[in-house]
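Heads up: the sequence lines are chains Z and G, in that order. Mapping to our numbering: the first sequence position 61 is 61, numbers consecutive. Mapping to our numbering: the second sequence position 183 is 183, numbers consecutive.
A few of these clues could be false.
Computed cross-link-like contacts, BS3-like style, restricted to lysine-lysine with a CA-CA straight-line distance of at most 27 Å [unchecked claim]:
1. K130/Z - K180/G
2. K80/G - K10/Z
3. K180/G - K52/G
4. K174/Z - K130/Z
5. K10/Z - K73/Z
6. K52/G - K210/G
Rather than coming from a laboratory, the hints here were simulated on the basis of the structure.
Spelled out from the first residue to the last, the chains are:
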Amino acid sequence: MIEFNRLCAKAGAFSLENIDISIFSGDCHVIVGPTGAGKTFLLETLVGLRDLSSGSILINSSEISSLPPRDRKISYVPQDTCLFPNMTVRENIMYGIRMGGIDHQQAQPLVDHLIDFLRIGHILERYPGKLSGGEKQRVALARALVPRPLLLVLDEPFSAIDHSMREEIRRLIKELLDAFKTTTLIVTHDLDEAFFLGDHISIMLNGQILQSGDRERMYYYPRTYQAASFLGIKNIFPARVEEVVDGSVTIRWEAMNESLTIPCHCSQKRFTRGQQVAFGIRAEAVYIQRPGHEKTLEHVFSAMVKKIYLRGRMHTILVETGQSQKLTIEIDIHDAAAQKIGIREGEPVRISILPRWVFLISDVDTATMIK
Amino acid sequence: MNFKRFTIAIALSVTALYLVLAGSLFSFLDSGRVIKALTSERVFFSVSLSVKAAIIATILAITVAIPAAYALSRYNFRGKAVVDTLLELPLIVTPVALGAMLLIFFNTGLGASVQNNLWQFVFEFSGIVLAQFLTTVGLAIRTIRSTFDEISPRYEAVACTLGATPTQALMTITLPMARKGILAATVITFAKCIGEFGATIMVAGAMPMKSETMPVSIFMRLGSADIEGMAMMILILLAVGLSVLLILRFILQKKYD
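I would like the entire structure built from these sequences, with the hints used as guidance.
This is the structure in structure tokens:
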């Protein structure tokens, strides 16, 4: 297990503040955040290229922050892979064995397996200058895994790869991590990549971790307005806590004159009766009712289709609803479903919000949010 | 005349000026006497002294320049700005002044002690090497440093995470990656050394068959109105200089596979 305990580091005016992350053995943990959030800075601190101001980094309960990079047993693949241009692919892969004093005979089966798995046998005698972005990434992964690191660290692994190759490499990395069970930390700004690869995910913003959790919890239930905004969730509305009972919180959604009883996904201590809060729901978790299925869903509202954005497989639909005030709700719907229902701009639809997909935010300044 | 033609015309004019200057040397030479002079002991001594001194000074300069340039490129340390500025000294102080400073130094207590107890420099071969070293080491550091600056420190970082020590990372990754820049610096330093005059004549003097490097020889032959000998020496220097530039071009064009 790898643990960051209240890690702080400073570089010029930028600082990492009280980073707390736990990475379980064999897990892939993804830190996702916008450019400038401090993700690469955090990785550089982890691998020993920058000093901590305070806090600690533990690998299997041993403090490693005072060790030089070579003794940390962390393999690092930077954004641009940094394959050594003066060496062939084979020499790059064998570098860790050469420098780490690893027995060639013992390491050879792993090397052969990685070469086979990553399908790089045909490029072993080439120099990195003659490789495509995808090939470079595969070689960099092989080079990083050969010394059997306790932690594999990947910095924006798909940024230097053509869009057409990205999905292939993404799947390859997923298969690789599943096959080798290497504990991995990835940083990326891409939400799709984060949720595709990560068993656990942390959101990072301005040198701080906003929230960490397993993939589903992070996807559907962000805990702060900032986290929800970063995840691209537009459906966030003000509400007031009506009741807090064991395992659920009932809120009053004044705009729709509706009460919702929401299963609590986090500590109920955050909520008190009468408290001004906000709630949100992902666009794909709002349902559009199919004609003839009206009775199967709860919390159904009438709405008007304002705009349809066609995106290929999924479409985004903006609907307008509300009783005391008008609200715009964003809905993502699969192309086939949209065609089946027959959604058209300017026509009425009925939408449903299921409380199990609703998340609550208690730290928000509702007045600011409404603006 | 459009802008393109105007700029090309200027470039060609400057080239023509150099060609005229080089061509004018031939008006003082006849082939029979050139061959005789070329095989003379004095010319051979000048060429061999210049090449020997330049090779030693270049090796010393590059040996010092690599670690110094690495430190300036990779680390922040107290006084770095001062070091950086002082390295420009040979560029802003003429070689004659630098040579004069050396002479003055050897007349101080410390300098005299160096001369008496460690090594004799004034009017000696070692003085030629020292003069050439001091006038070129700053340039060598500058050139190699710019090469190191272009190589991301991330390569070394990755090497260290793969088990290399910082020294191993430097030797196996950074230096091989910087080889073109280091070779270019070596060639430029050698060219500067072989053409060095001002500091050399101040420290080692102008003594025939003792401190008579090629540039000093040109100066001495001019003093004794040996125009033909001087022209021949200039041609030899030109040949060496052009060869060096050709080698430099070759190095800079060569890339990894």
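Verification of the hints:
no.: 1; hint: K130/Z - K180/G; verdict: 19 Å, holds
no.: 2; hint: K80/G - K10/Z; verdict: 22 Å, holds
no.: 3; hint: K180/G - K52/G; verdict: 24 Å, holds
no.: 4; hint: K174/Z - K130/Z; verdict: 26 Å, holds
no.: 5; hint: K10/Z - K73/Z; verdict: 24 Å, holds
no.: 6; hint: K52/G - K210/G; verdict: 13 Å, holds
Taken one by one, the earlier hints all hold for this structure without exception.
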